[in-house]
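There are 2 protein chains.
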Amino acid sequence: MRVLVPLAEGVEELEAVTVIDVLRRGGIEVVSAALGSEREVGGSRGVTLLADTVWDAVNPATFDAITLPGGGQGTENLAADSRVIAAVKAFAAAGKYVTAICAAPTVLAKAGVLNGRRATCYPACAEALGEAYDQAPVIADGSFITSQGPGTAMLFALVLVQHFAGDETARKVADGLLTTF
Amino acid sequence: MRVLVPLAEGVEELEAVTVIDVLRRGGIEVVSAALGSEREVGGSRGVTLLADTVWDAVNPATFDAITLPGGGQGTENLAADSRVIAAVKAFAAAGKYVTAICAAPTVLAKAGVLNGRRATCYPACAEALGEAYDQAPVIADGSFITSQGPGTAMLFALVLVQHFAGDETARKVADGLLTTF
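Protein sequences, first through last, are from chains A and G. Each residue of the first sequence is one higher than the one before, starting from 1 at the first, in my numbering. Each residue of the second sequence is one higher than the one before, starting from 1 at the first, in my numbering.
Calculated from the structure, these hints are not laboratory results. A quick note: this is a predicted structure, and the numbers were derived from the prediction, not measured. Among the hints, erroneous ones may be present.
Heads up, the list lumps identical chains together, so a pair's fine if it works in one copy or across two of them.
What the hints assert, rightly or not - Below, a list of computed lysine to aspartate or glutamate pairs in the DMTMM-like style, where the Cα atoms sit at most 25 Å apart: (1) K172 <-> D134; (2) K172 <-> E127; (3) K110 <-> D56.
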């Protein structure tokens, strides 16, 4: 199981780092990829992350899941990137996991992959999800897994571990984090 | 209110980023400082953070609080750094906030500032805190605020906001994060 995490300028760094950290605690391979030409990515609250690589150096087809962290500006930058939209469409068409948190589920709506699906997002962004929207900390509808925001990032990451590596692994990771699941 | 966050190699990146992000959401000035000669700091789960500056470029005396993120190796590196130990002693002597999470409260014990105090930490590290140890998600004892680990990092950060910027600000930040407080 290999997970691709695009990092755009303005990403909510807490969400990105929580997801990457928790997935790796679950033994899952994660590759973070900056959208620009440099690995440095500035977060929404001024934390600069150094991505593992840049988007143009990875082949999205070699991944089993894509996870979009949120952040207002970060999400705008994801949505404006035709490579990200194309990858979301390709992952959805292939039945691979398409996952997003906070404002980022709106990118799935823009890519047109939420028809007939249930999804959630940061409540202020609900309108963009149209009929797919439902309010819940995390919604897993088949291979589409979405979540609300920073306060649900750890739960979201644990649900991803549950789907990618199983219940027992997710519970062990939750124990190590000192959280419930 | 200015908060100094030392970042050592092996820091638990989820804890560091959650604390920095949430404090900044509360309008609090935070400066992260790498202990080495470069701003790059490798986290415990392979996320590389770019600190705001390096330790030798800051004057700890100009800060009102110090916050130590955890991580096993990160904490060992904090504890082995005489500059960090000296700063913890100086902050404690001046009645400034001395705060730490996960394994990092053991650095406060090593600095000898927990005598007569109550503190918490990652349960596996409890012995190092001696009689100061109590098991709770967050313990605020005067200007000493400590917490247990990744699963309590957001609550810890919100308690810091509460102390540094007041109840109302902490509640607004919690609302924005979609968490309770």
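Verification of the supplied hints:
| no. | hint | in the structure |
| --- | --- | --- |
| 1 | K172 <-> D134 | between (29 Å within a copy, 24 Å between copies) |
| 2 | K172 <-> E127 | between (36 Å within a copy, 23 Å between copies) |
| 3 | K110 <-> D56 | within (22 Å within a copy, 47 Å between copies) |
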